[in-house]
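Assemble chain F onto chain Z, guided by the hints.
Chain order of the listed sequences is Z and F.
Here the first sequence is numbered in the UniProt record's numbering, starting from 1 and rising by one per residue.
Here the second sequence is numbered in the UniProt record's numbering, starting from 1 and rising by one per residue.
I should point out that these hints are in silico values taken from the structure, not numbers from a laboratory.
Treat the hints with care, since some could be wrong.
If chains are identical, the list can't say which one is meant, so a pair holds when it fits in one copy or spans any two.
[To be verified] Derived DSSO-like pairs: lysine-lysine, alpha-carbon spacing no greater than 27 Å straight-line:
no. : residue 1 : residue 2
1   : K118      : K128
2   : K120      : K240
3   : K240      : K119
4   : K290      : K128
5   : K126      : K290
6   : K138      : K290
7   : K240      : K118
2 protein chains.
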Amino acid sequence: MRLTPPTLSKLALSALLACAVAPLALATTPPAKTRSTQEILDASQPSDWRTLDPARTLYMELASGRVIIELAPDFAPAHAANITTLAHEGYWNGLAIIRSQDNFVVQWGDPNADDAAKKKPMGTAKPKLPAEFERTSKGLAFRALPDTDGWAPQAGFVDGFPVGRDPTAGRAWLAHCYGAVGAGRNNDEDSSTGAELYVVTGQSPRQLDRNITTVGRVVKGMELLSALPRGTGPLGFYEKPEQYVGIQAIRLAQDVPAAERTPLQVLRTDTALFDELVEARRNRRDDFYKRPAGHINVCNVPLPTRAPPAG
Amino acid sequence: MRLTPPTLSKLALSALLACAVAPLALATTPPAKTRSTQEILDASQPSDWRTLDPARTLYMELASGRVIIELAPDFAPAHAANITTLAHEGYWNGLAIIRSQDNFVVQWGDPNADDAAKKKPMGTAKPKLPAEFERTSKGLAFRALPDTDGWAPQAGFVDGFPVGRDPTAGRAWLAHCYGAVGAGRNNDEDSSTGAELYVVTGQSPRQLDRNITTVGRVVKGMELLSALPRGTGPLGFYEKPEQYVGIQAIRLAQDVPAAERTPLQVLRTDTALFDELVEARRNRRDDFYKRPAGHINVCNVPLPTRAPPAG
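Next up, chain Z with everything else stripped away, as it sits in the complex (with noise of 0.2 Å):
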């Protein structure tokens, strides 16, 4: 027996399925009526989508299930490689989620990386890379939204990447969106390896963008990391190891036996379809919302995956 009654899962519901589009008007006006984002979507064409790249994909295998991260070469083009190679060298597995702080991150690494006689060695991955918090625009297919947010001059997407880019100085980075991964580092900007890893779980932090290293996103779960308990100590730290969470690998997906791969598509966001996704979620036009907000923040659009349609 399903549970949803209607004044509980109507706030929902329109949240995720019934959007309508329409140029914001006056609550008095009626909506035109337009697709809803179960239709956008419903109408999509296969040149909608891209599968992953089983080259820059990392599969972190928990317990409780997968984890899909995408990484983000164009914007971290050493630390890609780097944790290319870490992934691919085996580094984290048998190491640890160490961290979970409400509202901000969860963090995986060596519990031993601060003691030099315990702490796993790094393989072939390099011990130091160049800080890569933003890079030109220049060449990228920067997607631009109607709407900005105050912490960027402008907010878009590349690639499925939610995207903060300043045209006058032709600068573009990463946006520290829920479900960002970034690159713990040191004081130093060029003390970051790679090799501890965090993830957005709260509010996005976006004070942080420019001043770390972005590495990827997860596209697929998300809820295996963020609905692990809260660190009792400092900074959301757990205070046993018995409380670290366990990670049993983190592969690339090219090194996964092909049987053992989780096929996924991500939804372009290069695309007049995704354009039209984004007015819905701008200006949504069902019977719950009773006044369109006629804004959207980057960091509150849906970038929808699926697995590859058969045939």
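Leaving out everything else, chain F in the frame of chain Z:
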């Protein structure tokens, strides 16, 4: 043994503690050394804090602990009154959390609310309330932030609550930030009673602002809600009754014997000290941040609490 290798802890340390303050300056300008968040709080006076009013404070008692909610009768007087009645009469005692949707909301109420024969009677609470999506901004001690976010012409705080404001229209409303508590409703604007409540557990869904009645916010214990397992049914509803998280009781603090109350103060948001705290977040000037954002979102400002000092 605490486990905070520098490379792991610095990110968070800086986020929580080390926020020096200075006007936005070029990276080449040495920042003026001013007070960190911790130093600001340490220097606070008793008048910078207020004690929660037991007449508008709810204790939600879970097996895992106590969640403390402050109601906002200034914004939702009819809902706050109804919720007070429901709590006073023990409406939620023995009911449950029935939904946890990742990056959105946790929701609680009567699992049988949709079944006329089984649903729990609401006692003397009103079965129908007016929508309280917004109010006049007249008479509100609104503390504006220097920055806007695109969701509202102005953003700021009223008595500890994040608020959007339209000075032209003379309207104000509670913002759907992390921890905001709202009253689930059906499609009709006036279909909420306060019996079914939700709390925001992800990126602020500000599109709900002015579309639903926000009734308060969680001031302590968010981690008991935000880390609940995500529901596997549509919209994050738990699929089986055995997955529900039981609510032992929701009580008004003033109905709880004084010895069982949680003494709690919240930082006032209408003080010079709070302004300084906001500025310390807008422009982080510690050794970690290389590029202070020069911006803050109303949903990214910490709202500190403390036990009242002895004496």
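Hint numbers not upheld by this structure, sorted from lowest to highest:
none
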